[in-house]
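Input sequences plus hints: build the corresponding full structure.
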Amino acid sequence: DQQVKQNSPSLSVQEGRISILNCDYTNSMFDYFLWYKKYPAEGPTFLISISSIKDKNEDGRFTVFLNKSAKHLSLHIVPSQPGDSAVYFCAASARQGGSEKLVFGKGTKLTVNP
Amino acid sequence: EPEVTQTPSHQVTQMGQEVILRCVPISNHLYFYWYRQILGQKVEFLVSFYNNEISEKSEIFDDQFSVERPDGSNFTLKIRSTKLEDSAMYFCASSFLTVSTDTQYFGPGTRLTVL
Chain B
1 DQQVKQNSPS
11 LSVQEGRISI
21 LNCDYTNSMF
31 DYFLWYKKYP
41 AEGPTFLISI
51 SSIKDKNEDG
61 RFTVFLNKSA
71 KHLSLHIVPS
81 QPGDSAVYFC
91 AASARQGGSE
101 KLVFGKGTKL
111 TVNP
Chain Y
1 EPEVTQTPSH
11 QVTQMGQEVI
21 LRCVPISNHL
31 YFYWYRQILG
41 QKVEFLVSFY
51 NNEISEKSEI
61 FDDQFSVERP
71 DGSNFTLKIR
81 STKLEDSAMY
91 FCASSFLTVS
101 TDTQYFGPGT
111 RLTVL
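Line by line, the protein sequences give chains B and Y.
Heads up: the first sequence begins at 1 in my numbering, then just goes up one per residue.
Heads up: the second sequence begins at 1 in my numbering, then just goes up one per residue.
To be clear, the hints were calculated from the coordinates, so they are not data collected in a lab.
Careful: at least some of the hints might be erroneous.
[What the hints assert, rightly or not] Once the Cα atoms are required to be at most 25 Å apart in a straight line, the calculated DSS-like pairs of lysine-lysine come out as: (1) B/Lys-38 to B/Lys-56; (2) B/Lys-106 to Y/Lys-57; (3) B/Lys-5 to B/Lys-68; (4) B/Lys-38 to B/Lys-71; (5) Y/Lys-57 to B/Lys-5; (6) B/Lys-109 to B/Lys-38; (7) B/Lys-106 to Y/Lys-83.
[Claimed, not checked] Listed next, the stretches of chain B that the computed footprint assigns to chain Y, with coverage defined by at least 3 CB atoms under 8 Å from CB atoms of chain Y: (8) 33 to 47; (9) 102 to 109.
[To be verified] From the structure, some residues in chain Y lie toward chain B, with a derived Cβ separation under 7 Å: (10) Pro-8; (11) Arg-22; (12) Phe-45; (13) Ser-48; (14) Ser-55; (15) Phe-91; (16) Thr-103; (17) Phe-106; (18) Gly-107; (19) Pro-108.
All C-beta atoms in this analysis are idealised placements derived from N, C-alpha and C, irrespective of residue type, glycine included.
Take a look at the structure:
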C-alpha cells in the first residue's frame, strides 16, 4: 500500500546548486502535504507544508510545489548546503476526511557535497 | 525551543515480554501520536490520542498495543507481549491542534529490539 511514493532513494548535489526532491501520491482524498527532514538517531523534523488549495509555498531556501492534477509534489532547496544532507520524507493527510494520521513516503537521502 | 522527548532511547527485550515506551509531549499540546519505522521501511502511523481517548488507530495497533496518559505530562505506548516483528523505531509526536490545522512535532524515537 504505497499511497505516498518517493521513487528516488537517494540524491547527490553540489553545494550551492538546487536540490529537487519528488513525491507522488495516489489517494485523491489527501489535501495537506508536508516535508520532514531526518538526521540519523533523531526524529523527523518538520520543514514545510502545503494545502491542496495552493500550488506553491515558500519558506526561505525551501519551496514546495504541488501539482494536483498529476498528484505530484516537489521540494526545492536553493541553494543547497552541506548541512541539508539528511533523509527527506514526504507525508500527506486527508484533513477533510477527519483523519489524524500522516502517511509517509519511504524517504530520499540527500547528500550535498562541499 | 520546546521539544518532544522519549525514553529510553534504546530498549532491548525478550519476545513475549511487555514493554512500555515513554514520551513527554510539548507542554501545551493537546494531540498525541505514535508512529513506528521498521528498518528500511516507511514511517507508519499507529495511533492518535486526544482528551484521554484514542481518536484514530491503524490496523497495526491491535489488542497487544495500548496507550495511556497517566499524568499531565507523560504519554506511553505499551506492547503487552512483544513479537520479533515489533522491532522498530517508535516515534512519539504531538500537536497543539489537529492535523487539520497544525503540524505534528516528533520526538527522537525509541529503538525497540525484540530478541
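Quiz prompt | Hint numbers contradicted by this structure | solution = Those not satisfied are hints 10, 11.
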